[in-house]
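Note that the protein sequences, when read in sequence, are chains A and V. Last residue of the first sequence: number 468 in our numbering, and the count goes up by one each step with no gaps. Last residue of the second sequence: number 468 in our numbering, and the count goes up by one each step with no gaps.
Don't read these hints as lab results, they were simulated from the structure. Among these hints, one or two may not hold up.
[Stated by the list, open to error] Here are the simulated DMTMM-like cross-link-like pairs (lysine to aspartate or glutamate), alpha carbons at most 25 Å apart as the crow flies:
no.: 1; chain 1: A; residue 1: Lys-73; chain 2: V; residue 2: Glu-114
no.: 2; chain 1: V; residue 1: Lys-366; chain 2: V; residue 2: Asp-332
no.: 3; chain 1: A; residue 1: Lys-366; chain 2: A; residue 2: Asp-241
no.: 4; chain 1: A; residue 1: Lys-69; chain 2: A; residue 2: Asp-28
no.: 5; chain 1: A; residue 1: Lys-366; chain 2: V; residue 2: Glu-114
no.: 6; chain 1: V; residue 1: Lys-366; chain 2: A; residue 2: Glu-114
no.: 7; chain 1: V; residue 1: Lys-73; chain 2: A; residue 2: Glu-442
no.: 8; chain 1: A; residue 1: Lys-366; chain 2: A; residue 2: Asp-264
no.: 9; chain 1: A; residue 1: Lys-69; chain 2: V; residue 2: Glu-442
no.: 10; chain 1: A; residue 1: Lys-366; chain 2: A; residue 2: Asp-332
no.: 11; chain 1: V; residue 1: Lys-127; chain 2: V; residue 2: Glu-321
no.: 12; chain 1: A; residue 1: Lys-69; chain 2: A; residue 2: Glu-114
no.: 13; chain 1: V; residue 1: Lys-69; chain 2: A; residue 2: Asp-264
no.: 14; chain 1: A; residue 1: Lys-23; chain 2: A; residue 2: Asp-182
no.: 15; chain 1: A; residue 1: Lys-127; chain 2: A; residue 2: Glu-114
no.: 16; chain 1: V; residue 1: Lys-345; chain 2: V; residue 2: Glu-400
no.: 17; chain 1: A; residue 1: Lys-366; chain 2: A; residue 2: Glu-400
no.: 18; chain 1: V; residue 1: Lys-345; chain 2: V; residue 2: Asp-406
[Claimed, not checked] Ranges of calculated distance between the beta carbons of each label pair, as one might list FRET restraints:
no.: 19; chain 1: V; residue 1: Pro-49; chain 2: A; residue 2: Asp-11; range: 35 to 41 Å
no.: 20; chain 1: V; residue 1: Pro-342; chain 2: A; residue 2: Gly-253; range: 21 to 27 Å
no.: 21; chain 1: A; residue 1: Glu-227; chain 2: V; residue 2: Ser-445; range: 44 to 50 Å
no.: 22; chain 1: V; residue 1: Glu-442; chain 2: A; residue 2: Ala-307; range: 56 to 62 Å
no.: 23; chain 1: A; residue 1: Pro-255; chain 2: V; residue 2: Pro-49; range: 42 to 48 Å
no.: 24; chain 1: V; residue 1: Asp-406; chain 2: A; residue 2: Thr-293; range: 48 to 54 Å
no.: 25; chain 1: V; residue 1: Asp-396; chain 2: A; residue 2: Glu-227; range: 55 to 61 Å
no.: 26; chain 1: A; residue 1: Glu-114; chain 2: V; residue 2: Thr-293; range: 27 to 33 Å
no.: 27; chain 1: V; residue 1: Ile-229; chain 2: A; residue 2: Glu-370; range: 52 to 58 Å
no.: 28; chain 1: V; residue 1: Ala-417; chain 2: A; residue 2: Pro-49; range: 45 to 51 Å
no.: 29; chain 1: V; residue 1: Thr-293; chain 2: A; residue 2: Ser-372; range: 47 to 53 Å
no.: 30; chain 1: V; residue 1: Glu-364; chain 2: A; residue 2: Lys-23; range: 49 to 55 Å
no.: 31; chain 1: A; residue 1: Pro-255; chain 2: V; residue 2: Ala-35; range: 47 to 53 Å
Idealized CB from N, CA, C, for every residue including glycine.
There are 2 protein chains.
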Amino acid sequence: MSELKKLSKVDFGSPEKVIEILKAYFGDRLTTSLAVRERHGTDESFHAPRSPDAVVFACSTEDVQYAVKVCSKHQVPIIAYGTGTSLEGHVAALYGGICIDLSQMNEVVSVNSEDLDCTVQAGVTRKQLNEYLRDMGLFFPVDPGADASIGGMASTRASGTNAVRYGTMREAVMSLKVVLADGRIIRTATRSRKSSAGYDLTRLFVGSEGTLGIITEITLRLHGIPEAISAAICSFPSIDDAVGSVIETIQLGIPVARIELLDDATMMGVNSFSKTDYPVSHTLFYEFHGSQTSVEEHSRQAQDIAAGFGGGDFKWETKAEDRNRLWQARHDALYAMNALRPGSKPMVTDVCVPISQLAQCISETKADIECSSIMAPIAGHAGDGNFHVVYLVDTDSHGELKEAGDMHDRLVARALALGGTCTGEHGIGYGKIDFLNAELGEGVSVMRSIKLALDPNNIMNPGKIINV
Amino acid sequence: MSELKKLSKVDFGSPEKVIEILKAYFGDRLTTSLAVRERHGTDESFHAPRSPDAVVFACSTEDVQYAVKVCSKHQVPIIAYGTGTSLEGHVAALYGGICIDLSQMNEVVSVNSEDLDCTVQAGVTRKQLNEYLRDMGLFFPVDPGADASIGGMASTRASGTNAVRYGTMREAVMSLKVVLADGRIIRTATRSRKSSAGYDLTRLFVGSEGTLGIITEITLRLHGIPEAISAAICSFPSIDDAVGSVIETIQLGIPVARIELLDDATMMGVNSFSKTDYPVSHTLFYEFHGSQTSVEEHSRQAQDIAAGFGGGDFKWETKAEDRNRLWQARHDALYAMNALRPGSKPMVTDVCVPISQLAQCISETKADIECSSIMAPIAGHAGDGNFHVVYLVDTDSHGELKEAGDMHDRLVARALALGGTCTGEHGIGYGKIDFLNAELGEGVSVMRSIKLALDPNNIMNPGKIINV
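If we strip away everything but chain A, and leave its shape as in the complex, we get:
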């Protein structure tokens, strides 16, 4: 468990006065109930939760603006909350303060099907959006597994299984409405596909984890539902073979929509948890999107490559129902991993390396795991060089926590040494601040300057990404 760091330069105001003022405005939409506060200070990570002093439920950008203005005046921390599915302690109210729950801002504001874009409120979840879009023949591809809110996904620069083809939230977000730390409201860009109009404010707020402002509306790029979709799984004799197959597929520019790696331990968990009977071996999950012709062409190419690495026959799923079952099993992999050791808690992490380094990074990580006493399955978005390690630990055992923590440190150091990043898609939160410093050094001081310029009192999700 990460230790909380003390802020030194900032004194926050006391929340009582703020709660009183906000109560008058929000009425029943403000609560100080312990259960609600605890839930809002907790995410799906292994980092210590911390409850805010109150939770307000915003229904509009103006609600958010009001809450921010009051907090700003009294220098009380503000933490935005979507669905609580973050993985680096992003929602923990490290210094108390007011949590703004955006889940009731769940309206799809507009869809411009001609321009393949839409605008949604921050609380809309990705599944909700895709339900809404289905009849229009459109879809939103970014898929981090969890049914996260679009606002949360923008804030953490989320990605997931489809990123290898469609990009991450960095590419998906066209424009944002943001409430700044002093309550001003800005729109970061227009709906045009490209622009050279000044600094890229959109990309600055994407991935800023609520530390620079609160995202209340998001304009997203959409895609037409492909004419043909085909999914398959394929088992390999070794993890090196599976990874080799991924690397060659990507290097040859075959436009796979998804290419996911699950190691043997993960597959064991998947079979047990999802009642499937896949071979317990290192496995790739593929998906191909396009016209009938191109899907056939690309899947044949991918299959040839896999065969060259000793991959077994592709097990195809072309019916939507079967595909959904396959991807549900993939998305449930975390729960499946966790079930491998009943009573354990998963320490989930992710790193990302250049694809040429992926085989080395994974095999050294596997070797490290094998030398340890910790069970740690591996799965990931191999096409991007991004993978997850899930350390299954007994949180009552100081020894196990220490051992897993040391392994985690070595994992990140290994990824950085290979030219990679400490997080491909989970973000920094308060769990990876030291790793961010190791990765970017002086670059972090530039982030700190920006943070201080836009949030001089450090009230926006303090203690995340950077220690001011």
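Add chain V to chain A, keeping to what the hints say.
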């Protein structure tokens, strides 16, 4: 011609002392020759040039760092210079100062063909890079027409003909080495394909036009040279038909690599300038990349759509030599336009709108041109909703300058009213500062805060993007 704005809050230091110090370090690589200074204060725009007080030729990041540190200490402006092909007065030394010419930093530092990326010094030009890459089967797609430097292209968030398929510099740049205003050197990101590690510094510096720091090295995403490439041109009875054809092609998700619009006036100029005999009509230039099968499939689809809008037969160019001639004609369109009215100077501008608004935006613009006394051909990257208007003016005529200026104002206002941006790819420089304010309002104050945080003395290319 835009008027220069007076900075009010900043007093710059005098350059003499700085020149003396830099001379001791750079020797012959510093010059105060009038001809060289004039060339370095002039770009390809219609905005008034302004010479710097001296030009230094940097050969390394350390050279840049040294120059910046000296200028920073003495509060003297610094303007980075690549090839001088910018279009909004970006290199004009509005307040004098030192121009740092990066053209001698022209080394390809490394190519990671396995990862489809490379790292280059800022002065490498896009053609030089593509020559270098050709034998490896790789290419760098961003193509603004001019043989610009990669550093300049990153600084202005350039794009061009290939952006509809491969994206702009926003998508192409993976990481940057930057010298900050105080001389610190940072790297903005690692080589991993995706990352959630803190604020997106890469995207912040891309498009910042040298106002936040000087980019000295760029890591770029590359692509494999497609197995098959095919180009074609097609004439349409009206500009609405041509634009309608573009819109439908994009909306159906047909992955054209290029889809360029040239109006009848431009085609007349092209034929005369490039000695071609294309029909003098509203015309689309297409290019398709992929496997033999997919190129055939996509070009057939595009042709069917064009036929539905009254388009003539596609004139195909499949041989590299013929394709190059076709695209050279497209790239020379600006010179061809200019030659339509000998003695005139081109006022070149660009706007970008959501594709659904493109037909309306262009047809209203055409109507405006027809009601005026100014000849103004139109061409553009229609697949992105981005187009150029080139006002051919007699710069000795105050009346023409005023008329063209008013038309330009109406063009940008029209694009903004249709949900577009005041510049799709040229940038703000000092020519579009007022338009940027009109487009983003309070967003510009966020840019100003960032500028002041990273360059408190406003020495980095002062007077561009924002008036501090």
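Original post:
Which of the listed hints are broken here?
Top reply: 1, 12, 13, 19, 20 and 27
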